[in-house]
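Using the sequences plus the hints, can you model the full thing?
One-letter residues, chain by chain:
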Amino acid sequence: MPKNSRPNFPPATPLQPRKRAILVGASSGIGAALAQQLAKEGYSLALLSRRLDLLEEVCAQINREAGETRAQPYAHDVTEYETVPALLQKIVQDLGGLDLFIYNSGVSHMVGLKNYDFEKDRRTTEVNYLGALAWLNPVAAMFQSARSGQIVGMSSVAGDRGRVGNPSYNASKAAFTCYLEALRNRLSRYGVNVLTIKPGFVETDLLKGAKKLFWVVTAEAAARDMVKAIRKRKQAIYVPARWRWLMLVIVHIPSVIFRRLTF
Amino acid sequence: MSLTLEKSFTKLENFGHSLKTPAYLLRPETVEEITETFGLARKTGLTVTLRGAGRSYNDAALNGGGIVLDLSGLARVKAWDPGSGLITAEPGLTLEQLWQTVLPDGWWPPVVSGTMLTTLGGCLGMNIHGKNNFRMGTFGEHVVEFDAILPTGAEVTCSPTKNGDLFRAIISGMGMLGVITSVTLQMKKIESGLLEVHAWPTRTLEEQLNSLLEGAPHYDYIVGWLDTITIGHGQIHAANYVHDDPDPAKMQVSYQTLPGRLFGVMPKRLLHYFMKPFVNNLGSWGVNTAKYLASLRRHTFRQSHAAFHFLLDYVPKWELSYGRDGLIQYQSFLPKETALQTWTEMLDTAKKNGLPSYLGVTKRHRPDDFLLTHALDGFSLALDFKVTNRNRSRLLAMLRDFDRTVLEAGGRFYFAKNSETAPETALAFLGEETVARFKALKKRTDPHNLLESDLYRRVFGSL
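Chains as they are written, first to last, in this note's numbering: chain V, 1 to 263; chain X, 1 to 463.
FYI, nobody ran anything at the bench for these hints, they're computed from the structure. Incorrect hints may appear among the rest.
As a list, the in silico PhoX-like pairs of lysine-lysine whose alpha-carbon atoms are at most 20 Å apart [to be verified]:
| hint | chain 1 | residue 1 | chain 2 | residue 2 |
| --- | --- | --- | --- | --- |
| 1 | X | K20 | X | K7 |
| 2 | V | K19 | X | K11 |
| 3 | V | K208 | V | K120 |
| 4 | X | K20 | V | K19 |
| 5 | V | K228 | V | K19 |
Some residues of chain V that are not near chain X, with every Cβ distance over 10 Å (derived) [unchecked claim]:
| hint | residue |
| --- | --- |
| 6 | D53 |
| 7 | V157 |
| 8 | R163 |
| 9 | F201 |
| 10 | G209 |
| 11 | F214 |
| 12 | R244 |
| 13 | M247 |
Ideal placement from N, C-alpha and C gives every residue a C-beta, glycine not left out.
Structure representation (structure tokens):
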């Protein structure tokens, strides 16, 4: 691997230590908003996404505002699982370490109420869940061995129940939530924190064309809540927080009623 | 391949606990495994940093996200000749193991640091000095020969006359040119396990520097303690070898070893907890004042070598008393002519900024001809500063100002110590020609830049 292509984050020094984060899925929406706010917190950021042009814009804006290199773009498709370990190693060296890893990549391929489409389901599962495994396994191994670090997974309220509209999306998020819980149980004994974030409706591309929305928040507002939870090393949050109470009700709706609902 | 990256990712810190960067920590036990590591670095694109005891105050033994090669597993004494005083050892051997090997036969390392926990590799990479720099020079001046593996895979043997350019650059080269795998050192013959120590107070910085200057020719060792808050209250400790007490019992390790308990009761490993309340502006004023009052009595006493030299080892883990964000050391080297005025100004500024140093140590130096040398004909002042989240940026700004002042006064810096040295500062005190020579040697021994540390990237990365 050539080393001359190494991006130059300003080095961490005893009098200018730096927090370092990787954010997978950072070109738009919640990811881009999170990147902006983490940069303001002083993080050095490796931002990953398939869409390099968008990513470069995000980085340029962050670096312009910070007056130094705080963010660097890395083009990456999370379904190219086998490229992950080497890329992770390279990025951690570029950053000079790693304190925080966020998996935010997610897609939603609506199939419609009465249709079934394996291709769409597979794409959803690959990005939302398998890609997460490909990244979080080596990251967890790294943090476990270093006995420090924080992992953040962007799950969803959609993972709390299986609903009629988008089964594979629900299932991918439910699997991700469960995997994150398992990681938390594995890693907390090593001093590693795992935060599961379950956003409700956030104004992003993912929601385009979706109907029956309520409590919609902007990506910026959502990112603010998330950064706060990261700072406090929380374990699981809903964004905005009031979803916790709604979901408490929803998960307790008996199946006999729930299977008659159409949302 | 016996060394793998798997499960080796480790959170590492510097000695001052002021910087934490994780890295793949590999611990070779054979010389072959060092060569293997370079192969691994080439394959993965990761860089490699050498680490001995990890006693550098700054980022010299850290390599965030890369490989850190912990050489403390290579710590054998390969040959010791009590007749000639020549010892050949591996780089992970500590100064503690070194003096304990040679002392019973009537020898002592000619140069030692203030702690005995440092390794030979670290001492050579930074070309350390002791309280006798003005007389015995640096650690490197007592090296007869060493073997090194270069990142190219080549093995070289260097001595003052053989591969002289590499000899003078690998020693002082911060471990950035190659890995020393074996070194032969000349020990110094001594006649007693004791030193005769003279202690006297100084009332001003001028008096302290004059004491060092005038005292140096008459003593084997001389060092000053400075209360940096009153800027001048201090104490000189000067010591000579003893020639009239050849009691072999005093040359035994057991006689020299520092006691493990304070007043025979409290285990010393707990002591740093009790120091913590004093490591602040008020506490250190109290401690410094008490120490000065206690030192007002001029007196002479005899002390074992270990007790005189390894003051920093009296309180194990003393660095923890500086709290969560640790400490940094700022050491500047100044010519005799400009030292007094520059340091007076500097300490005054530190006091005014509310960022006083809690410990000041002065020494007398002489120049040497190693490539990245820090020494000169003059003095050094080492200052310990407590780091907190709140004072970090103010401290950095102040020390960068000090750097400019020291450069204007013809001063130099030490890569084992300072945390703030900027590329342009290094360029200014080393000179463009020296930096160019270092870079040329680096290109020759390490064309793919496999050896890099956080320190190297900070100071030399952009030069």
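Cross-check of the supplied hints:
{"no.": "1", "hint": "X:K20 to X:K7", "in the structure": "holds, 18 Å"}
{"no.": "2", "hint": "V:K19 to X:K11", "in the structure": "holds, 13 Å"}
{"no.": "3", "hint": "V:K208 to V:K120", "in the structure": "holds, 17 Å"}
{"no.": "4", "hint": "X:K20 to V:K19", "in the structure": "holds, 10 Å"}
{"no.": "5", "hint": "V:K228 to V:K19", "in the structure": "holds, 15 Å"}
{"no.": "6", "hint": "D53", "in the structure": "holds, 26 Å"}
{"no.": "7", "hint": "V157", "in the structure": "holds, 34 Å"}
{"no.": "8", "hint": "R163", "in the structure": "holds, 40 Å"}
{"no.": "9", "hint": "F201", "in the structure": "holds, 37 Å"}
{"no.": "10", "hint": "G209", "in the structure": "holds, 42 Å"}
{"no.": "11", "hint": "F214", "in the structure": "holds, 41 Å"}
{"no.": "12", "hint": "R244", "in the structure": "holds, 32 Å"}
{"no.": "13", "hint": "M247", "in the structure": "holds, 36 Å"}
Checked against the numbered hints above, the structure violates none of them.
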